[in-house]
Amino acid sequence: MDLAILGTGLQPFGRHDGVTPIEMGVTAAQAALDDAGLGWGDVQLAFSGSLEVLQPDTMIRHMGLTGIPFTTLYNGCATGGNLLLSAANAITAGAGDIAIAIGMDKHPRGAFSVGDTLESIGLGQWYGETGLALNPQYFAMKTLRYMHDHGITEECLHRTAVKAFHNGSLTDHAWRRKAIPYDEIANSAMVCDPLRKFHFCSPSEGAAAVVLCRADVARRYTSQPVQLRADVFRTRLYGSFETLSPSMPVKSAPSPSVQASQAAFEMAGVGPEDIDVAQVQDTEVGHEIMHLAECGFCKDGEQEALVRDGETALDGRIPTNTDGGLLANGEPIGASGLRQVHEVCTQLRGRAGRHQVPGKPKTGFTHVYGFPGVSCVTVLSV
Amino acid sequence: MSTPPSGSVPIDAGPFAGSLESPRLRGSRCGACGETTFPAQRGCPSCTAQGCDEVELSTRGTLYTWTIQRFPPPVPYAGDTEDFVPFAVGYIELPEGVRVESRLTESDPARLAIGMEMELAIEPFAVDDEGHDVVTFAFAPIAAD
Numbered sequence: 003m004d005l006a007i008l009g010t011g012l013q014p015f016g017r018h019d020g021v022t023p024i025e026m027g028v029t030a031a032q033a034a035l036d037d038a039g040l041g042w043g044d045v046q047l048a049f050s051g052s053l054e055v056l057q058p059d060t061m062i063r064h065m066g067l068t069g070i071p072f073t074t075l076y077n078g079c080a081t082g083g084n085l086l087l088s089a090a091n092a093i094t095a096g097a098g099d100i101a102i103a104i105g106m107d108k109h110p111r112g113a114f115s116v117g118d119t120l121e122s123i124g125l126g127q128w129y130g131e132t133g134l135a136l137n138p139q140y141f142a143m144k145t146l147r148y149m150h151d152h153g154i155t156e157e158c159l160h161r162t163a164v165k166a167f168h169n170g171s172l173t174d175h176a177w178r179r180k181a182i183p184y185d186e187i188a189n190s191a192m193v194c195d196p197l198r199k200f201h202f203c204s205p206s207e208g209a210a211a212v213v214l215c216r217a218d219v220a221r222r223y224t225s226q227p228v229q230l231r232a233d234v235f236r237t238r239l240y241g242s243f244e245t246l247s248p249s250m251p252v253k254s255a256p257s258p259s260v261q262a263s264q265a266a267f268e269m270a271g272v273g274p275e276d277i278d279v280a281q282v283q284d285t286e287v288g289h290e291i292m293h294l295a296e297c298g299f300c301k302d303g304e305q306e307a308l309v310r311d312g313e314t315a316l317d318g319r320i321p322t323n324t325d326g327g328l329l330a331n332g333e334p335i336g337a338s339g340l341r342q343v344h345e346v347c348t349q350l351r352g353r354a355g356r357h358q359v360p361g362k363p364k365t366g367f368t369h370v371y372g373f374p375g376v377s378c379v380t381v382l383s384v
Numbered sequence: 753m754s755t756p757p758s759g760s761v762p763i764d765a766g767p768f769a770g771s772l773e774s775p776r777l778r779g780s781r782c783g784a785c786g787e788t789t790f791p792a793q794r795g796c797p798s799c800t801a802q803g804c805d806e807v808e809l810s811t812r813g814t815l816y817t818w819t820i821q822r823f824p825p826p827v828p829y830a831g832d833t834e835d836f837v838p839f840a841v842g843y844i845e846l847p848e849g850v851r852v853e854s855r856l857t858e859s860d861p862a863r864l865a866i867g868m869e870m871e872l873a874i875e876p877f878a879v880d881d882e883g884h885d886v887v888t889f890a891f892a893p894i895a896a897d
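Heads up: the protein sequence lines correspond to chains A and B, in order.
If you count by this note's numbering, then the first sequence holds residues 3 to 384, one letter each, in order.
If you count by this note's numbering, then the second sequence holds residues 753 to 897, one letter each, in order.
Hints in this document: simulated from the structure, not taken from any laboratory.
Predicted model only: the values in this text are computed from it and were never measured.
Glycine included, every Cβ here is placed at the ideal spot set by N, Cα and C.
It is possible that part of the hints are untrue.
[Said to hold, decoys possible] To be clear about the criterion: a stretch of chain A counts as covered by chain B if any three or more of its residues have a C-beta under 8 Å from a C-beta of chain B, and this derived list gives those stretches:
#: 1; region: 115-128
#: 2; region: 146-154
#: 3; region: 245-251
[Said to hold, decoys possible] Computed Cβ-Cβ distance ranges for the label pairs, DEER-style:
#: 4; chain 1: A; residue 1: E268; chain 2: B; residue 2: E773; range: 53 to 61 Å
#: 5; chain 1: B; residue 1: E773; chain 2: A; residue 2: R17; range: 47 to 55 Å
#: 6; chain 1: B; residue 1: G803; chain 2: A; residue 2: D36; range: 52 to 60 Å
#: 7; chain 1: A; residue 1: G352; chain 2: B; residue 2: G803; range: 52 to 60 Å
#: 8; chain 1: A; residue 1: G303; chain 2: B; residue 2: D860; range: 25 to 33 Å
#: 9; chain 1: A; residue 1: E268; chain 2: B; residue 2: T800; range: 22 to 30 Å
#: 10; chain 1: A; residue 1: D174; chain 2: B; residue 2: G803; range: 52 to 60 Å
Put together the whole structure using the sequences plus the hints.
Next comes the structure, spelled out in structure tokens:
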């Protein structure tokens, strides 16, 4: 894969009363283009995604009506990763040299709702009416079983949250910029056992954009291109444990995160041991912990020592969710995967300021996971 | 097996087989690979064959995992959200090789444990516009002798 990222941009995640998601998408796109040293007129292919905005491509009115193909897609929490993959595939297929991927969202406060009807996600209405259609239940139940099977303790959950909010406190654009002490996390209200209030991310608002081009033309535009070494999208196999599932088989299979990570490492020609900075989907601390193993950074159960020893901190062996992740930034679903790419590019270009990973990181990793069992992984390097 | 209150109505019939007095869950079994799915569906998610057969599932199993829903669920939850009472949810592993997600009748975390024996029951969880209890399936711990 010979592709390079020229620029990235954010509408920082948080709450932006009175600002529409389309406006946030425009802000992120302009920031990415400024970073790349390009204008909208240089863009030949565009891809956008959102949960709340039916047609995010309508933002083109504010960018310039240049007649380019502008595709929209939605794949739950994996939307951002799949936007970048679609841009990469289009360039590789010869449809153009320069593409932009833009994700945006603006969610109401409180837990995500599946909406009035479950027909749109292929489930019976009874499933929602009886109180089973909630992601936090899944997060909690997969975490509890994992703790039971692999000896992960509640301490590991709390320490993972401490690390997230600490990283957020060092990140100027983070939503939650206040470090939270261990005891406050450990004593926060139980939401879905064993997960507590400060173990969870919140739905939020924001946008992120990435400008991608053919690697052989990247140096024309920037002195600091980031190479997209791999971008892989996978859906669940029969037997993986997924959210919003009225049943699952006893026969088990690796999660889509495992499939996507293994394929991405193979495509990139590197292994988990080569990764200097990683972003993994952390809807709550349980999934950050499980994803560390699913993505190949440790074996099941090793997270207990890894987290206790600070190996996932900024100066650890595998710095993880260096901008505070979803816990400190919240999750605008359509934008989330591209925020991870923005953060890794910022780290690889040495521009992360107070939350910069030391030692000039060269290779980074992003991972999103979501309903109905989808995952996108990228490997990036300078 | 708990007895349903008089005048109660079930959630839509999809998941149910049998009667409210003697409830069963309706799943499907693939004739080609033998995998069981709940609720019933035509296509087999394991081997891609079409034309699975409907089957009634066992009423006893073990608790694979669980949690407590401690905040009122958003729409389309039909239960009371103003005087919300937390309830437990879990996956019950049945002999057919399928784990069924279900409300649990026991919501005290101290009385729930992975691996415990559970049995199918009927539980009221909402009241409809006419004042009838709306009931759904739930699994109850089997009391130790």
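Here's how the hints hold up against the structure:
A stretch counts as covered by a chain when three or more of its residues have a beta carbon under 8 Å from one of that chain; for the region 115-128 of chain A and chain B the count is 9, and the coverage holds. With 3 residues having a Cβ less than 8 Å from any Cβ of chain B, the region 146-154 of chain A passes the three-residue criterion, so the hint holds. For the region 245-251 of chain A, the proposed coverage by chain B is satisfied: 5 residues have a C-beta within less than 8 Å of a C-beta in that chain, meeting the threshold of three. Taking 53 to 61 Å as the suggested C-beta distance range, the pair A:E268 and B:E773 conforms, at roughly 56 Å.
At roughly 51 Å, the beta-carbon separation of B:E773 and A:R17 lies within the given 47 to 55 Å, and the hint holds. In this structure the hint that B:G803 and A:D36 lie 52 to 60 Å apart at CB holds, the actual value being about 57 Å. The beta-carbon spacing between A:G352 and B:G803, approximately 59 Å, falls within the hinted interval of 52 to 60 Å. In this structure the hint that A:G303 and B:D860 lie 25 to 33 Å apart at CB holds, the actual value being about 29 Å.
The beta-carbon spacing between A:E268 and B:T800, approximately 26 Å, falls within the hinted interval of 22 to 30 Å. The supplied range of 52 to 60 Å is met by A:D174 and B:G803, whose beta-carbon atoms lie about 58 Å from each other.
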